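Q: The lines below spell out each chain.
Protein chains: 2
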Amino acid sequence: MKPLHIAILGCGTVGGGVARILTEMQEELSARASRPILLKEIVELNPTYASQRFNLPIELFAGGGKDLTPDEASSFIQRLIHSKDIDLIVETIGGTNDFVYNLSLDICKAKKHLVSANKSLLAERGKSIFEAAKNSNIMLGFEAAVCGAIPIVKTIKESFTGDSIISISGIMNGTSNYILSKMKSEGVSFKEALKSAQKNGYAEADPTLDINGHDAGHKLIILMKLAFGIDLAIDQLSVKGIENIEKEEFDFANEIGSTLKLICYGKQIDGEVYATVCPMMVKNDNFLSEVNGATNAIRIVNKYSGKHILVGTGAGSYETASSIVADIVFAARYADQVNYTHEKSKLKFIDARHFVFPYIITFRTGDTPGTTGFITTAIGQQKINIDTVSHNRHIKNKATFSVVTMPCTMKQVEDAIEKIKLEKPDMLLSEPKIIPILY
Amino acid sequence: MKPLHIAILGCGTVGGGVARILTEMQEELSARASRPILLKEIVELNPTYASQRFNLPIELFAGGGKDLTPDEASSFIQRLIHSKDIDLIVETIGGTNDFVYNLSLDICKAKKHLVSANKSLLAERGKSIFEAAKNSNIMLGFEAAVCGAIPIVKTIKESFTGDSIISISGIMNGTSNYILSKMKSEGVSFKEALKSAQKNGYAEADPTLDINGHDAGHKLIILMKLAFGIDLAIDQLSVKGIENIEKEEFDFANEIGSTLKLICYGKQIDGEVYATVCPMMVKNDNFLSEVNGATNAIRIVNKYSGKHILVGTGAGSYETASSIVADIVFAARYADQVNYTHEKSKLKFIDARHFVFPYIITFRTGDTPGTTGFITTAIGQQKINIDTVSHNRHIKNKATFSVVTMPCTMKQVEDAIEKIKLEKPDMLLSEPKIIPILY
Chain D
6 MKPLHIAILG CGTVGGGVAR ILTEMQEELS ARASRPILLK EIVELNPTYA SQRFNLPIEL
66 FAGGGKDLTP DEASSFIQRL IHSKDIDLIV ETIGGTNDFV YNLSLDICKA KKHLVSANKS
126 LLAERGKSIF EAAKNSNIML GFEAAVCGAI PIVKTIKESF TGDSIISISG IMNGTSNYIL
186 SKMKSEGVSF KEALKSAQKN GYAEADPTLD INGHDAGHKL IILMKLAFGI DLAIDQLSVK
246 GIENIEKEEF DFANEIGSTL KLICYGKQID GEVYATVCPM MVKNDNFLSE VNGATNAIRI
306 VNKYSGKHIL VGTGAGSYET ASSIVADIVF AARYADQVNY THEKSKLKFI DARHFVFPYI
366 ITFRTGDTPG TTGFITTAIG QQKINIDTVS HNRHIKNKAT FSVVTMPCTM KQVEDAIEKI
426 KLEKPDMLLS EPKIIPILY
Chain L
6 MKPLHIAILG CGTVGGGVAR ILTEMQEELS ARASRPILLK EIVELNPTYA SQRFNLPIEL
66 FAGGGKDLTP DEASSFIQRL IHSKDIDLIV ETIGGTNDFV YNLSLDICKA KKHLVSANKS
126 LLAERGKSIF EAAKNSNIML GFEAAVCGAI PIVKTIKESF TGDSIISISG IMNGTSNYIL
186 SKMKSEGVSF KEALKSAQKN GYAEADPTLD INGHDAGHKL IILMKLAFGI DLAIDQLSVK
246 GIENIEKEEF DFANEIGSTL KLICYGKQID GEVYATVCPM MVKNDNFLSE VNGATNAIRI
306 VNKYSGKHIL VGTGAGSYET ASSIVADIVF AARYADQVNY THEKSKLKFI DARHFVFPYI
366 ITFRTGDTPG TTGFITTAIG QQKINIDTVS HNRHIKNKAT FSVVTMPCTM KQVEDAIEKI
426 KLEKPDMLLS EPKIIPILY
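In the order they appear, the protein sequences are chains D and L.
First residue of the first sequence: 6, per our numbering; consecutive thereafter.
First residue of the second sequence: 6, per our numbering; consecutive thereafter.
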């Protein structure tokens with residue numbers, strides 16, 4: 006059969022891993038696909054370093070191994086996109102700028118299959134790329150864009166096709182999970198845990214996207230599209246990070262038999278679907294409560310087949326690269342028969358504030374008699390049933406306590422807090438923290 | 006696009022679930038596959054019961070709804086196999102007899118796609134069925150044959166294609182796992198736990214294949230073929246069940262920080278591959294130790310992408326049926342492009358006795374000074390390093406104790422025991438139990 010010829014754009018941590026696996030496993034991969042899978046060319050600004058780091062023949066690099074200026078690289082890329090000798094292009098440049106956006110569109114329009122690990126691009130500007138792929142009937146592989154090595158994309162696209170997904174919940178950011186695990190096990194502050202994560206290579210120098218929930222949000226956006234057919238912009242998604250989590254919240258978590266985790270959550274119910282990324286109190290008998298460190302885990306509940314859990318490594322060079330190579334083999338096997346689904350989502354996306362969860366609300370107040378009564382009454386007036394009220398922690402003349410509600414909407418909780426602020430402007434010493442509880 | 010026309014043979018627990026999902030989700034499934042997926046006919050001896058149980062139109066049944074004799078059913082089946090109007094046949098009759106074996110071959114030869122949940126047939130007589138499917142270039146789907154709802158077959162076939170599987174370990178039989186969980190949590194005997202499993206619907210009236218490890222063995226045989234390209238006959242596989250597990254073994258497990266589980270295990274190392282099904286002491290930090298009740302779980306270690314875990318429901322009507330429907334959608338999408346892999350396994354299958362594990366060996370002896378010394382010396386003479394020796398449990402004039410070894414082969418252990426028996430024929434009061442320890 007006709008070989009599948011591959012070009013890789015960007016030979017960094019992930020692209021280099023792909024090149025290495027394609028080279029090392031060339032024979033097996035070709036046998037698996039029943040056709041030769043051949044890496045033809047790599048475009049990289051600094052080929053000498055990449056070639057040494059991943060033990061790759063220098064002849065594979067565009068330009069024969071010399072360093073490239075961005076303009077030179079760009080013209081090599083354009084040549085590859087329009088070359089008749091290339092069937093599939095791997096985009097491992099990353100970023101969301103116009104350059105990488107436009108070249109992704111160009112690849113689709115030139116009818117080359119595209120495999121991408123670029124979650125931020127697909128989440129933030131993916132709609133037109135998906136459309137371009139569909140219009141050209143090329144295969145767009147993005148297994149590597151969601152949770153690295155975990156094959157969640159193909160699991161949803163090819164294995165859960167005989168079912169309806171009810172809910173997705175997951176730990177999809179290893180950095181924030183490492184930090185929360187550290188805070189819990191060693192009782193350190195967020196800042197100390199972040200420092201340790203950076204020191205041990207679990208957080209980058211600029212960890213913003215990891216700790217503010219946006220990296221997890223990107224993954225959830227892609228999964229919401231796959232699972233529920235919903236196209237979400239990042240600003241439609243309710244996203245909260247872990248940067249304001251304090252040590253004492255782990256005590257409250259412990260008190261209610263749960264563990265604090267940054268959770269990606271999406272659920273359909275009665276024709277409506279909603280999604281959120283935020284810290285949640287995960288009950289200790291939910292498997293996600295036990296997922297520690299840099300591991301990722303996804304829990305899916307299906308209508309017919311019930312609960313599923315997938316666990317694996319969410320990042321890393323070869324871990325992510327192996328997912329890209331799986332997309333390449335899949336394209337080699339089936340890309341001539343790409344058929345974009347005609348399924349149209351009938352689900353309506355609703356604001357997460359209208360969705361029903363049990364919540365734990367933590368209040369800081371002055372140490373004044375009547376406070377607990379006033380606050381719990383205000384909560385009751387919003388028709389929220391209260392499950393438990395924690396004991397009051399007194400420090401000097403301040404008190405901290407938490408209220409666990411029965412399932413209600415975030416809007417109800419916010420309305421109760423609004424009312425407290427309005428009627429007793431001095432009662433709350435800081436903004437109460439509202440955290441959903443995940444069973 | 007051309008519709009995909011389906012016939013179902015056998016409308017019991019699983020086949021009925023398939024018919025129900027195909028009927029209920031007809032529109033979504035067709036949209037997902039970009040072509041109509043139509044259930045055309047069901048062959049079932051007792052259509053009235055099946056139609057009521059799964060709420061299916063009686064017209065779907067061959068013969069128009071009347072009860073069929075086996076001969077009538079057989080002739081309806083032959084008609085469907087040779088009908089130009091049928092593209093894919095679902096075999097949910099079950100069993101390994103010649104009738105179902107021959108009809109599976111006939112389906113392949115007639116160039117109908119075949120989707121089967123029949124693990125025992127595929128494990129015991131599958132080789133020629135796989136060959137017939139390959140020769141006719143039809144798609145043979147068997148996702149449902151291994152661990153019900155867990156999409157392990159497609160995960161290996163389509164998602165781990167950019168990697169090499171190093172090892173598979175799993176809990177693949179819900180009945181035996183339920184029994185072991187019960188024995189552990191309630192301290193009851195095997196017999197009592199089995200009774201409870203039968204009472205609660207977790208074990209069948211004849212639970213032989215579940216408790217003797219053969220059901221798990223069937224699944225492992227199919228996975229060994231997928232993961233390592235090895236065709237194993239059931240008598241080549243080392244299989245031990247749970248029927249001889251005693252209460253005290255849970256104490257020994259606890260003492261070494263582990264939990265007793267029936268484990269399916271396969272591993273490749275240095276060009277050799279081996280496999281076994283047996284009770285193992287699973288260390289408590291291995292996720293499999295926490296999998297309780299009827300849940301199935303599979304842990305796979307890959308060369309590039311590291312550890313993966315899949316958890317889900319291993320049995321049940323709709324759970325298994327949803328896996329069959331996923332195979333149908335996959336066939337609707339890609340079956341015109343079936344390409345059997347040309348990959349040939351270079352691995353050599355070796356007897357599990359030659360594979361290296363740490364073991365725990367439990368000895369029952371008379372309460373005689375010098376016994377521990379003699380036994381541990383005999384073990385040392387086989388070049389086995391000892392990790393720990395448990396304290397002796399004395400009951401009247403008998404003693405029970407266990408020895409934990411460093412990694413060694415089962416053959417070394419057996420040789421040591423042989424030597425003890427030879428030199429001190431009266432020392433061992435019963436056959437020592439040898440259980441591998443899984444880290």
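Because the hints were derived from the structure by calculation, they are not lab data.
On a predicted model such as this, the values are computed, not experimentally measured, just so you know.
Each hint should be verified, as a subset may be incorrect.
No copy labels: a pair is met if it fits in one copy or bridges any two.
Quick list of in silico lysine-lysine cross-link-like pairs, DSS-like style, CA-CA up to 30 angstroms [what the hints assert, rightly or not]:
id, residue 1, residue 2
1, K438, K89
2, K139, K403
3, K45, K162
4, K388, K71
5, K89, K353
6, K312, K189
7, K162, K349
8, K230, K429
9, K308, K204
10, K388, K45
11, K349, K45
Q: Given identical chains, is K139 near K403, meaning Cα to Cα at most 30 angstroms, within a copy, between copies, both, or neither?
A: neither (60 angstroms within a copy, 75 angstroms between copies)
Q: For K162 vs K349, is the C-alpha pair at or below 30 angstroms within one copy, between two copies, both, or neither?
A: both (14 angstroms within a copy, 28 angstroms between copies)
Q: Evaluate K312 and K189 at a C-alpha cut-off of 30 angstroms and name the case that applies: within, between, both or neither.
A: both (27 angstroms within a copy, 24 angstroms between copies)
Q: At 30 angstroms max between alpha carbons, let me know whether K230 reaches K429 within a copy, between copies, both or neither.
A: neither (44 angstroms within a copy, 70 angstroms between copies)
Q: At most 30 angstroms between alpha carbons: which applies to K45 and K162, within, between, both or neither?
A: both (29 angstroms within a copy, 25 angstroms between copies)
Q: Between copies, within a copy, both or neither: which fits K388 and K71 at Cα up to 30 angstroms?
A: neither (69 angstroms within a copy, 56 angstroms between copies)
Q: Within a copy, between copies, both or neither: where do K349 and K45 come within 30 angstroms Cα-Cα?
A: between (38 angstroms within a copy, 25 angstroms between copies)
Q: For K89 vs K353, is the C-alpha pair at or below 30 angstroms within one copy, between two copies, both, or neither?
A: Close neither inside one copy (43 angstroms) nor across copies (42 angstroms); limit 30 angstroms.
Q: If the cut is 30 angstroms between Cα atoms, do K308 and K204 qualify within a copy, between copies, both or neither?
A: between (43 angstroms within a copy, 27 angstroms between copies)
Q: For the identical chains here, do K388 and K45 meet the 30 angstroms Cα criterion within one copy, between copies, both, or neither?
A: neither (65 angstroms within a copy, 52 angstroms between copies)
Q: Within a copy, between copies, both or neither: where do K438 and K89 come within 30 angstroms Cα-Cα?
A: neither (58 angstroms within a copy, 65 angstroms between copies)
Of the numbered hints listed earlier, those contradicted by the structure are 1, 2, 4, 5, 8, 10.
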